[in-house]
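Number of protein chains: 2
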Amino acid sequence: MFKVISKDKNTKARTGKIQTAHGEVNTPCFMPCATYGVVRTLSNEELKNIGIEIILSNTYHLYLRPGLGIIKTLGSLHNFMNWDRPILTDSGGFQVFSLSSLRKISEEGVEFQSHIDGSRHFFSPEDVIEIQQQLGSDIMMPLDECVEYPSERDRVKTSLELTLRWAERSKAVHSRQLTVDSQEEKVRTCEPSTVNRQLFFGIAQGSTYLDLRKEAVNRLLEMNFAGYAIGGLSVGEPEELMFEILGFTLDLLPDDKPRYVMGVGSPIDILNAISLGADMFDCVMPTRNGRNGCAFTSEGKLTIRNTQYAEDKRPVDLNCNCFTCKNYSRAYIRHLFSLDEMLGLRLLSLHNLYFYNNIIRNAKKAIEKGRFEEFKREFEAKIQ
Amino acid sequence: MFKVISKDKNTKARTGKIQTAHGEVNTPCFMPCATYGVVRTLSNEELKNIGIEIILSNTYHLYLRPGLGIIKTLGSLHNFMNWDRPILTDSGGFQVFSLSSLRKISEEGVEFQSHIDGSRHFFSPEDVIEIQQQLGSDIMMPLDECVEYPSERDRVKTSLELTLRWAERSKAVHSRQLTVDSQEEKVRTCEPSTVNRQLFFGIAQGSTYLDLRKEAVNRLLEMNFAGYAIGGLSVGEPEELMFEILGFTLDLLPDDKPRYVMGVGSPIDILNAISLGADMFDCVMPTRNGRNGCAFTSEGKLTIRNTQYAEDKRPVDLNCNCFTCKNYSRAYIRHLFSLDEMLGLRLLSLHNLYFYNNIIRNAKKAIEKGRFEEFKREFEAKIQ
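First to last, the protein sequences are chains A and B. First residue of the first sequence: 3, per this note's numbering; consecutive thereafter. First residue of the second sequence: 3, per this note's numbering; consecutive thereafter.
Quick caveat, the hints were computed from the structure, so don't treat them as lab data. Be careful, since some hints might not be right.
Given that identical chains are not distinguished, each listed pair holds provided it fits within a single copy or across any two copies.
[Unchecked claim] Here are the simulated lysine to any residue pairs, SDA-like style, with alpha carbons at most 25 Å apart:
id	residue 1	residue 2
1	Lys315	Ile385
2	Lys50	Asn323
3	Lys328	Glu48
4	Lys328	Glu110
Computed from a predicted structure; not experimentally measured.
Model the full assembly from the supplied sequences, consistent with the hints where possible.
What follows is the structure in structure tokens.
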């Protein structure tokens with residue numbers, strides 16, 4: 003279900019292809035956040051026109067709103083949101099810990115209060131898999147505990163052990179489910195690589211402790227996941243430390259499985275992670291920054307509300323072919339922002355996602371030509 | 003610059019074509035409100051896909067924000083907002099009276115305070131023409147005074163006289179400008195019918211007094227405008243009275259000029275006005291209702307937030323081919339509204355504009371076949 007297509011000469015960057023129930027995903031890939039089943043401000047047609055191949059939704063959010071009943075009535079998350087390309091669902095672990103109040107963690111799972119209405123809920127690792135099975139996402143993630151940065155080694159160790167026990171329990175449900183499904187559909191294999199199956203990734207935690215990261219990876223490898231995610235990064239640690247842990251952990255992961263760096267990051271962060279061998283990314287930055295009036299451009303960031311753009315006839319990015327840059331001037335988009343008109347938020351969200359996707363597209367080409375390092379250097383030089 | 007194409011058999015409904023500097027407008031037509039140079043939530047591409055041929059912008063709003071300087075730097079309103087089809091600009095008369103505080107009316111014009119920042123401004127009738135010339139709209143409207151409903155006859159009479167003197171002054175500036183332009187461009191004719199010229203419409207006021215409406219029309223006809231608008235309707239008067247005045251006034255207008263009913267209205271209001279001989283309409287209803295979660299459908303209005311739609315797989319309107327109805331379910335759009343997600347507001351705005359435009363498209367066909375009355379009756383029966 004994953005094939006490495008090409009490798010760069012001088013870095014660990016690689017291109018690949020993931021086969022999912024809803025089609026192929028070319029890696030490296032950037033997954034826009036459709037937390038509640040919508041990439042904010044954008045239609046699915048716009049996402050496809052940009053070239054987005056996979057989006058990320060969130061189990062915690064969708065479970066609370068609109069709730070599973072509604073999504074099941076509509077068939078699946080794909081049906082509900084009318085998106086026919088792959089979807090990765092995050093487990094909700096991170097959200098339970100960052101958004102909800104009064105969470106109580108036990109061996110069994112996590113009890114939490116909804117950040118919307120304060121209602122009480124309980125997620126076991128098994129629940130989270132079952133919810134994602136009902137959502138029908140293409141790639142599922144297990145419930146994990148996320149520790150804040152910085153955390154004492156003992157705290158991280160204890161948390162990691164729990165996360166790994168939860169991973170085992172999650173894997174057991176998933177394997178059982180696969181077996182049942184396979185029998186029902188008279189398919190002999192119950193490998194997770196089977197198309198028409200939900201892929202299940204493991205998440206390596208371990209905070210800033212290299213030995214704990216190593217332990218996390220080793221234990222996950224024993225469980226044999228379809229892909230491996232690196233969690234708990236970009237949570238406040240210094241950049242240098244983040245890349246040290248990232249590089250160290252990526253090196254431990256097998257070549258023949260996709261590697262997903264959760265919640266990272268800026269365009270340059272992503273290029274750096276690609277050079278260390280990462281394949282998949284998600285981040286709210288392009289859409290959130292877009293809504294805040296901040297555009298990523300080939301010459302660095304641009305704050306559209308600045309007075310200097312009031313009469314600027316030029317597109318947001320002089321070197322961009324997105325819908326926004328082909329049709330609208332900085333002056334007009336600034337006018338929309340000064341009106342708090344949502345078309346403005348949408349035009350910059352669209353541009354920023356196009357910009358992200360375009361960097362990755364160009365990165366892929368560079369990797370195929372064995373000149374990724376050069377490409378990254380050129381990009382960094384232009385941005386700064 | 004205006005041609006009647008066909009007339010209905012049993013009503014006064016007609017189809018026609020207005021030639022403007024930015025192309026033809028087929029009538030009857032509905033003009034979405036792009037008050038500040040944007041039809042809220044929608045891109046120009048979406049408007050074109052719906053089939054919108056002309057939009058309405060507002061002199062008062064654009065003068066205050068972004069201001070003329072910015073629009074002139076970008077070239078024109080068309081350039082600024084990247085819309086290459088016709089634009090009608092309202093004069094701002096209605097807005098000065100409805101939005102701004104501390105307005106002082108004199109023979110010379112109107113002094114007012116911005117509803118945005120309280121700054122003081124003055125509009126003479128001449129100013130308003132010059133502003134619209136700088137905006138470069140295709141159809142301009144003169145500054146007028148709008149009286150509230152109900153108003154005493156004396157008050158209306160005095161106001162109407164002022165509005166008519168203002169109309170004369172406006173016409174003088176416009177004719178002078180036309181002559182100058184014609185000489186500059188070595189064009190012999192200075193008829194307002196010349197393509198590449200801004201068309202200038204008169205506005206008939208007179209509140210609910212038929213004799214004053216008649217006087218208004220007669221005086222405007224002497225001034226010879228390219229088209230005639232009926233203002234001061236749909237401001238709180240009973241519906242029956244509105245249609246009485248509308249029918250009476252439309253009957254006074256010449257056949258060979260377009261007739262624009264300002265600020266009207268609901269789909270049924272528009273069909274009724276068409277049957278009385280009206281050609282052009284504008285109303286915030288489709289977009290404002292869309293943003294408020296209210297959809298117009300072939301079976302009446304639908305409030306998307308209602309619980310009954312929570313699991314409804316069907317499109318907003320079962321008989322609609324718009325982007326929204328082809329792609330999204332009621333359940334999903336309701337979910338977007340419960341998130342306050344702007345994609346929801348946009349999807350319903352788009353649907354409602356498509357619905358309005360579609361009614362008018364079907365009305366045109368019915369008129370051409372001489373069966374407008376039947377069409378209107380069928381439409382009303384379905385809606386109720």
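Consistency of the hints with the structure:
1. Taking the shortest Cα distances, Lys315 and Ile385 sit within 25 Å of each other inside one copy (21 Å), while across copies they are farther apart (46 Å).
2. Taking CA atoms no more than 25 Å apart as the test, Lys50 paired with Asn323 passes in both settings, with 15 Å inside one copy and 20 Å between copies.
3. For the homomeric pair Lys328 and Glu48, the shortest alpha-carbon distances inside one copy (14 Å) and between copies (15 Å) are both at most 25 Å.
4. In the homo-oligomer, the alpha carbons of Lys328 and Glu110 never lie at most 25 Å apart, since the shortest distance is 53 Å inside one protomer and 44 Å across protomers.
Going down the numbered hints, you'll see the structure goes against just number 4.
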